[in-house]
Amino acid sequence: MSDLSRRNFIKSLAAGAAAGTFPGIISAAGSTPRVVVIGGGFAGATAAKYLKKWSPSLSVTLIEPNAVYYSPILSNLVVTANLSLDRISFNYNDLKQKYGINVVHQYVDGIDATGHMVQLADGSKLGYDRLVVAPGIDFDTVPGLDFTKVPHAWKAGEQTLLLQKQLAAMPNNGSFVMTIPKAPYRCPPGPYERACVVADYLRVNKPGSKVIVLDANADITVEKETFSHAFNVTYSGIVEYHTNVTLQEVDSDARRAITSAGNFDADVLNVIPTQKAGKIVHSSGLVNDPTNRWAGVDPRSYESTTVKDVHIIGDSQGTGQPKAGHIGNGEAKVCADAIIRLLGGNQPYPAPMTNSACYSPIRSATTKEASWLHAVFAYDAASGKMKMVPGSLGAGAPTEKNYRRMFDWTDNLFSDTFA
Amino acid sequence: MKTLRNAALVLAVAAALGACSDDSSTENNSNNAGATNDGGASSGTYTLKGTVPGTLIEAFCDDGSYFSAHSVVNGSNRHPFSLDLPRDVACRLAMTTNEGSADGRVITPVRLVSGGSGSIAFSNDDDALDLGHVSLALSRAEMRSDQNGDGVEDTPLDVALTDAERQAIRLVVKDRDPLDKDGDGIPNVYEDLDDDGIPNRYDDDDDGDGLPDIEDHDADGDGQDDNDLDGDGIENGKDYDDDNDGIHDDKDDDDDNDGIHDRDDDDDDNDGTPDSKDHDSHAYTPVDPGTPTAGRLLASQCAQCHGTDGRSRSDIDSLAGESASEIIEEMLEMQADRTPGIMDYHARGYTTEQIRAIGGYFGGISGNGYDRDDDDDD
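Chain order of the listed sequences is D and P. Numbered by the working numbering, the letters in the first sequence go through residues 1 to 419 in order. Numbered by the working numbering, the letters in the second sequence go through residues 1001 to 1378 in order.
Just so you know, the hints here were simulated from the structure itself, not pulled from any lab data. Note that the structure is a prediction, hence the values are computed from the model and not measured. Positions of the beta carbon are idealized from the N, C-alpha and C atoms, including for glycine. Heads up, a few of these hints could be off.
As the list claims (entries may be wrong) - Here are the simulated distance ranges between beta carbons:
{"no.": "1", "chain 1": "D", "residue 1": "Lys165", "chain 2": "P", "residue 2": "Leu1332", "range": "48 to 54 Å"}
{"no.": "2", "chain 1": "D", "residue 1": "Asn66", "chain 2": "P", "residue 2": "Ala1141", "range": "57 to 63 Å"}
{"no.": "3", "chain 1": "D", "residue 1": "Pro65", "chain 2": "P", "residue 2": "Asp1103", "range": "35 to 41 Å"}
{"no.": "4", "chain 1": "D", "residue 1": "Gly320", "chain 2": "P", "residue 2": "Glu1329", "range": "30 to 36 Å"}
{"no.": "5", "chain 1": "D", "residue 1": "Asn205", "chain 2": "P", "residue 2": "Glu1329", "range": "47 to 53 Å"}
{"no.": "6", "chain 1": "D", "residue 1": "Pro350", "chain 2": "P", "residue 2": "Arg1166", "range": "35 to 41 Å"}
{"no.": "7", "chain 1": "D", "residue 1": "Gly144", "chain 2": "P", "residue 2": "Arg1338", "range": "23 to 29 Å"}
{"no.": "8", "chain 1": "D", "residue 1": "Thr32", "chain 2": "P", "residue 2": "Pro1080", "range": "26 to 32 Å"}
{"no.": "9", "chain 1": "P", "residue 1": "Leu1332", "chain 2": "D", "residue 2": "Pro207", "range": "48 to 54 Å"}
{"no.": "10", "chain 1": "D", "residue 1": "Asp94", "chain 2": "P", "residue 2": "Ala1141", "range": "18 to 24 Å"}
{"no.": "11", "chain 1": "D", "residue 1": "Gly296", "chain 2": "P", "residue 2": "Pro1080", "range": "30 to 36 Å"}
{"no.": "12", "chain 1": "D", "residue 1": "Gly237", "chain 2": "P", "residue 2": "Glu1329", "range": "47 to 53 Å"}
To be verified - The following residues of chain D were derived to be distant from chain P, with all beta-carbon distances above 10 Å:
{"no.": "13", "residue": "Lys53"}
{"no.": "14", "residue": "Ser84"}
{"no.": "15", "residue": "Gln159"}
{"no.": "16", "residue": "Asp267"}
{"no.": "17", "residue": "Thr291"}
{"no.": "18", "residue": "Ala365"}
{"no.": "19", "residue": "Ala375"}
{"no.": "20", "residue": "Asp408"}
With the rest of the complex left out, here is chain P (with noise of 0.2 Å):
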C-alpha cells in the first residue's frame, strides 16, 4: 500500500474534521461518493493518551480520516504519546514498534476490552481517554504471534477498560467492518494479502500480482476496481483522507501525495517550526535496538553469571525462556532466604520495581540456551 508519508498528527485538522454521519456500525458498502461527508453533526474532539516504549501510534477511523502520533522519548521507557481523535467516531489503533527498520518493525493492533466483549473499533464522547501504559513488543523476540513472519502480530493486544472508561467509550463491535473486512481484529491494512512477509501499508504490491499498487486499480485482488488510494477499506468517495496522510482532504492540497508542498499546512509533523526550518519532520522515536529500556539495561547485568541475554554457556542458570513472573518470584524470594548464598545476596540489592523490569526483560527473550544440565545446586 505503501502510502506512508510521515506527516504526523494535524491537530487543527484534527479539530476541524469529527464530521461523520455514518453509523458506524453498520457495513459502509455505498458508492454514493461524497454524499456523506458534509451532513454530520460535529462534536469536536478528545486526547487520548498514554504511555508506550516509543511507538508510532496510528488511528484509523471509520470516515476514513487517519490520525498519527509519535510518543515522546522522556528517557525511560514509557514515553508519553496524545493523540487527538475526532469524537464520536470509532477508531481502530495501531501502534508500531521500530518504525524505521523493515525487518524490525513490530505493528501491534489494540483491542479495547471491557467485561466480556472487546472490539478494535471504539467512539468516546468523553473529553480524553487515557489508556495508561500500553506494553508492546519491543523487537520480532518479543511478538506473541506472527505465524506468517511480517512483523503485525497475529491477534489485536487486549487493554482493559476501568469502570470510569466505560462509562465514556462506546465499544463498536461491528458484524462487517469495512477496515477490517476478514474481522479477525488486524485492519485491512495490516494484513498481508500476499503472505510475502510485508504488511499491506509497508508493501508495494499488497496483492503480489505483479502489479505495483501505484498501477493496480485493484490492488486487493477481489476482481474489482479499489477507488481506494489508501487501502484502509474505506472508498475515496467516503474517505477524509484518500491518502492517510493525516490531513483531511479539504484541507490538504495535495490528496495525491505526490510531494508537492502543502499550502495549507507548513508544519506537517505539529511541532511548532514550519517545514521550511523544520529538519525534524519526520522523527520518530525507533525502539529497537535505538531506544535503551530500563529493563535491557538492568537486565544486562545479570550477563557477567548467566551469559549474554540471560543465555548461559556454563551450568549456571539460563535466564532467557524464563517468564517474567518466574524470575521475579524467584527473586523475592531470594531477598527472604535465610541461608544466603551469592544470587540471594545479589536480589537483596534491587527494588521490587527493578526486579519486575529485570523480570520483563527476560521475560521476552525466548529461551535456546547452552545451559549444561541444571544441577540446580544453587
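The following block holds chain D by itself, in its conformation from the complex (with noise of 0.2 Å):
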C-alpha cells in the first residue's frame, strides 16, 4: 500500500540481469559455454549447424583440417565421370557465415580430457565444457599398399580422382580389381554400389574388361537381392564375386592383391582396407569396444563411456548404428540436442531416433538406374543400445524414378549438413 513514483525501477532491473536471468547452464568460468567439434564431415558439420542454430548463445568451433569437404556420397558417380567433383565440394561459408561457427582449419595433435583442452597442430590450445568428436574413419595398415599407386577412394577428394583417371586410361579387356573390407565399414552398400556403376562403365566404355570383387565378408553384406540380381543378371560375365577373401598384402607397383585364396593381378587395383575409428579417437583412448576400433557412447547423449564431457559421433562411434554420412547427421542432431539439455543441467531426451537411408546408383552409363535402403533405430532403454524398429527395414529394386530420387535425397542431405 504505497504511493510512490516508479523512479528506482530500473535499478533493480538491472539487478536481476546482472544476477543472470539467463538461461541455466552450467559454465566453469561462468562465461558463455563452449561446445568444440573435431571433424567436419557429414556428422561433425551438423553437430555444429545445429548446435548454433538451436542454442544461438553456445560458443561453438568446428575443427577441421580441410577448407573444402568432399562427399563421399555419389562420389562413385564421379570415379565413373558421370559427375564433377564439384558435384560433391561443399565448404563451411555457411557455417561461418549464417551460424556464427567458428570454423578452424587445423589438425588436432591431442585432448586433454583432464583439462578439457583441444591441442591444436600449431601449437594453440582450445578450452571446451563439452567435446564432439567426428574424425571419421581410419584404416588398418596393408603390408606394400601405397594409395597413391593403390587408391581406396573411401574418402573422397584426390583419391576419386586418382581412381576415375586409373579406371579412364584402363585398356580394353582389363581387369579391376576391388577389395572390400570385414564389415562394419564405413558405407555399407557402397562396394557393392562401386562394383555396380564400375561394370556399367567398363561395359559401355572398355568391352572385355572385368570386375574382380574380393569380398572379406561371407556374404553381400546389405541389399542382397539387389546387389545379387545385379552381379548374377545385369553384370552377367562382367562381374566376378568372390566371399570370404582376406587380403593379406598389395604389391601396389605390380597392382597385385596377394589374398587368402590367391594372387589377383590387375590393370586398375582399389583396396578399401579394414576400417576403424579416426586416429584421434584412438589416441584419446576413446576406443572401448571388444574389437578394439570404436568408441564406446552412450546413444543418448553419444557421450563417450570412459571419458566424461567428450562425445563421439558418425562412424567412429561403437553404437552398431551403420556408418554412414545420413545417419551421421542423424545422430549429430541427437548429439547437440543432449548436449544443449546437458548444458542446461538436464538430462538427454531418454528415447532418440535415428534412421539411416541411402539410395545407390546401380546403372549409370546409358540407363540410369538406383536402389535404396532404409532403416530406422531407436534407443532400447532394457539393453542401452540403438536397435532398428522391426517393420521400419525396407529395401527398393534400382528404377530411373530412384535414380532421380537420389539427388533429391542428396540435396537436402547436402544443405541440411552444410548449409
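Take the two lone chains, each set in its own frame, and fit them into one complex as the hints suggest.
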C-alpha cells in the first residue's frame, strides 16, 4: 500500500539482469559455454550447425583441417565421370556466416580431457565445456599398400579423382580388382554400388573388361537381392564376386592383391582396407569396444562411456548403427540436442531415434537406375543400445525414378549438413 | 511498465493473503484507498497445476495480488508447474515462453472455457485445479496471431474445463474488468499501449510519450494520475501488491522494489535456499532456443530428406507449412500401405505418439520452402 513514484525501478531490473536471468547454463568460467567439434564431415558439420541453430548463445568451434569437404556420398559417380568433383564439394562458409560457427582449419594433435582442452597442430589450445569428436574412419595398415598407386577412394577428393583417372586409362579386356573389408565399414552398400557402376562404365567404355570383387565378408552385407541380381544378371559375365577373401598384402607397383584366395593381378586395383575409428579417437583413449576399433558411447547423448564431456558421433562411434553420412547427420542432432540439455543441467532426451537411408546407383552409363535401403533405429532402454525398429527395414529395386530421387535426397542431405 | 522482478511465487505470502472483499464481478472504480483490504474473510489458497513447455506462469488477481511460478524442467516437453492462488479471488493467467529473450518471448493469456462461455478471470473454491497440459507457442513463428508483433497472442488461448472442474470453478465474466479495461481478453499489463512492439509490462514507456514510466504519473496516457505503480489496473490503494513482485505489501518492506533486500523474505524464489546463498533466485526455464523438445528432436530426423526445418530444396515434399493433422494422418496411412515405398517404411519406425510429436512440431512451422513442383511421385 504505497503511493510511490516509479523512479527506482530500473535499478532493480538491472540488478536482476546482472544476477543472471540467463538460461541455466552451467559453465565453469561463468561465461558462454563452449562446444568444440573435431571433424567437418556429415556428422561434425551437422553437430556444429544444429548446436548453433538450436542454441545461438553457445560458442561453437569446428576444427577441420581442410577448407573443402568432398562427400563420399555420390562419389562413385565421380569415379565413373558421371559427375564432376564440384558436385560433391562443400565449403564451410554457410556454417561460419549463417550460423556464426568459428571454423578453424587445423589438425588436432591431442585432447586433454582432464584440462578440457584441445591441442592444435600449431601449438594453440582450445578450451571446451563439451567436446564432439567426429573424425570419420581410419584404415588398418596393409603391407605394401601405397594409396598413391592403389587408391582406396573411400574418403573422397583426390583419391576419387585418382581412381577416375586410372579407370579412364584402363585398356579394353582389362581387369578391375577391388577388395571389400570385413564389416563394419563406412557405407555398407558402397562397395557393391561401386562394383556395379564401374561394371557399367567398363561395359560401355572398355569392352571385354571384368570387375573382380574380393569380399572379406561371407556374403553381400546389404541389399542382397538387389546386388545379387546386379552381379548375376545385369552384369553377368562382367562382375566376378568372391566371398571370404582376406587381403594379406599388396604389390602396389604391380597392382597385385595377395589374398587368402591367391593372387589377383589388376589393371586397376582398388583396395578398401579394414576400418576403425579416426586416429584422434584412438590416441585419446576413447576406443573401448571389444574389437578395439570403435568408441563406446551412450546413444542418448553420444557421450563417451570412458571419458566425461567428450562425445563421439559418425563413423567412429560404436553403437552398431550403420556408418554413413545420412545417419551420421542424424546422430549429430541427437548429440547436439543432448549437449544443449546437459549444459542446461538437464538429462538427454530418453528415447532418441535415428534413421539410415541411402540411394545407390546401380546403372549409370546409359540407362540410369538406383536402388535404396532404409531403416529406423530407436533407443532400447533395456539394453542401452540403438535397435532397428522391426518393420522399418526396407529396400527398393533399381529404377530410373529412384535415380532422380537420389539427387533430391542428396540435395536436402547436403544442405541440411552444410547450408 | 517494467516492474518485473523475478521474485517468484511466495507461498507463505499467498497463504496469508486471500483476503479480498471486492465483488469482482463489478467494476472496481473505487478510490477509497485501503478501505477494502482488511475486511475480507480469508478462505486460504488452492493449488493450480498443469504442464507447459517451459514457461513463466503469472496470475493477476482482482485484489491486485500477483503470483508467478516457473515450470520445472524435467527432461520432457511437458514441464509441471504449480501455483498457489487465493481461493475465491478472480485471477487471470498469462504464460510466457522464452521470457529471457526480448524479441523471442511469447506471452499467452489463458481463457477458461466452459460450455458456451469463457473468461480470462476465474476463481476456484476447490483444493486444487489441474489445467492439464497447456500447449503454448514456443517461438514467435508458432504464434497463432500477433498482428502488432509484440509477442503477445492477439487472443487468449482457450482451455476447456472438464465437467468436474465446472463444479468448482467460477468463471467471472465481467462487463468491465479493471485488469482488462478494453475487454479483449488480454490483461492491461500485456497490452501494447503505444504500439511499439513491446508490451506494457516490458515497456519502459507504456504510452510512448517520451517520459519514462518511472517518472510518468500518467503512464497509460489517459489524462489521469494513475496511482497504479504496476499498471495492472488496480490502484495502489486497493492493490495488495503494488509492485507486482509477488510479495504482499504488508510483508513487503520494499514496496517500491528499489532493490533493498526484503527483510521478511530472504528466499525470494521460495526454493528453500536463502537468498544470501542462492545464486539461482532468478532462474527460469527458457524454451526457445534453449529448451529442447521431443518434437523438435524427432522432427530433425526428417530433415536429411525433407530439408532443414522441413523446408525442402528439392522435389521431395516440404513438411513446413503442413498442418500437424495432415502430417499425422499421412504418416499413419503410410504405416498401413500395402506396397511400401521408402517413406512408408520410415513411418513404420515410429509410434503414434512420436508421430504426433513430429506433426506438432511441423504444424508450428510456416511454409516457405524451396519446393519445386511436386510431381507427387512418391
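Exercise. So which of those numbered hints doesn't the model satisfy?
Worked result: 2, 7, 13, 19, 20
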